[in-house]
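J.: Take the sequences, apply the hints, and build the full model.
2 protein chains.
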Amino acid sequence: MSNFSISSKNKVMRGPKRASYDVDTVYKIIDDHFLCHIGYVYQKEVIVIPTAYGRVEDKIYIHGSLKNRMLLSLLEAKNANLTITHLDGLVLARSAFHHSANYRSATIFGKVKRVDDPALKMKALKCILNHMINGHWDNIRKPNDKELKATLVLEITMEAASAKIRAEGPNDEPQDYNLPIWAGVIPIKQVALPALSDNLINENIRIPEEVNRYINNNR
Amino acid sequence: MSNFSISSKNKVMRGPKRASYDVDTVYKIIDDHFLCHIGYVYQKEVIVIPTAYGRVEDKIYIHGSLKNRMLLSLLEAKNANLTITHLDGLVLARSAFHHSANYRSATIFGKVKRVDDPALKMKALKCILNHMINGHWDNIRKPNDKELKATLVLEITMEAASAKIRAEGPNDEPQDYNLPIWAGVIPIKQVALPALSDNLINENIRIPEEVNRYINNNR
Chain Y
0 MSNFSISSKN KVMRGPKRAS YDVDTVYKII DDHFLCHIGY VYQKEVIVIP TAYGRVEDKI
60 YIHGSLKNRM LLSLLEAKNA NLTITHLDGL VLARSAFHHS ANYRSATIFG KVKRVDDPAL
120 KMKALKCILN HMINGHWDNI RKPNDKELKA TLVLEITMEA ASAKIRAEGP NDEPQDYNLP
180 IWAGVIPIKQ VALPALSDNL INENIRIPEE VNRYINNNR
Chain G
0 MSNFSISSKN KVMRGPKRAS YDVDTVYKII DDHFLCHIGY VYQKEVIVIP TAYGRVEDKI
60 YIHGSLKNRM LLSLLEAKNA NLTITHLDGL VLARSAFHHS ANYRSATIFG KVKRVDDPAL
120 KMKALKCILN HMINGHWDNI RKPNDKELKA TLVLEITMEA ASAKIRAEGP NDEPQDYNLP
180 IWAGVIPIKQ VALPALSDNL INENIRIPEE VNRYINNNR
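Protein chains in written order, with numbering that gives the first Met the number 0: chain Y, 0 to 218; chain G, 0 to 218.
Worth flagging that the hints you see were computed from the coordinates, not collected in a lab. Built from N, CA and C at the ideal position, the CB exists for glycine as well. This list has only true hints and no planted wrong ones.
Facing chain Y, according to a computed beta carbon distance under 8 Å, are these residues of chain G, among others: (1) G38; (2) T106; (3) P207.
T.: Structural data, given as structure tokens:
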């Protein structure tokens, strides 16, 4: 078990009991999703954008068009912060004050580098795609030279990170437990529905095993 | 039908065909969720945090502890940007290059103000709670003076916003349609599971109608 070192940057200030700096805990939250929210500064204002990512060890990969303003701004800033959030439940307490949510989130700080080497770029794209559907890269047409050149890939080396996890029922004030008010949790889950094949698919082409496995694992 | 005015700040640069500045479209994306990602600057670095919100007309309300670093930083900056994202599907194309996601997202820029008047503060907290479960505010114990004083509420007046929506199948290169590769969409949905009552609930207390309605509407 190893931990990210704690600085004023990644130290969880609110609700420190829910915080974790354990590398495996952070990696698990990252690996259970493929969509993060990333912040960048444009004309002195912060802008938050959802984007796909992949992870290999302590590197996070993101990609987009060569003119993508978010990617270019991150390259210029040299640093990036991104957050991954899984919403797991609504926590409905007896009092308004103690309403909350169950969630697992990871906030990551890293150094940003452009990936130029075509072989590394290809690896990064494979990682991003397989993060969405594990193993699906092997089923599809790989990027050709033109597509690879038209894609900007950034590598974010994690320097600091923290996880925050809430996974319990309501915590009401002692005197509120006698009130005739219901309290509990509504579990929330992100699920996959059966795949819809493209209209132009030849009917001899079957849904790949990797796609069916993803759907079965996310019902 | 009214539109947010378009400036360099909120103009969607990548995939402009998927962009909308229509107020009702943006409001619908906001109202279908209660969790956003908000960006702030701390010691010259951007930090992105998930947080609950509510909306009344062109105002977004967020709240937290009096010492919440994100809220205090936004107050100091006077501006805020927040993004709401609904993930609706994985778009699996024949080529890696055309993999995508179906989603509805709204990015909002606004002026930040602290809400001090206790009656307005109470209204804002009601709005945030009812955004989670419509009408549930009337079922629970309202904040008392002490709790109200311990809560910092910010009002973000929307000045610019944009929505981005992708809701279609894969768009492959013309020559790829003949490849023996499956393509399609895996629909993704956020669902509510049956409510789990708090262990300490008296068995005479029933799950409120508003909670059951939420679960039925989000199965």
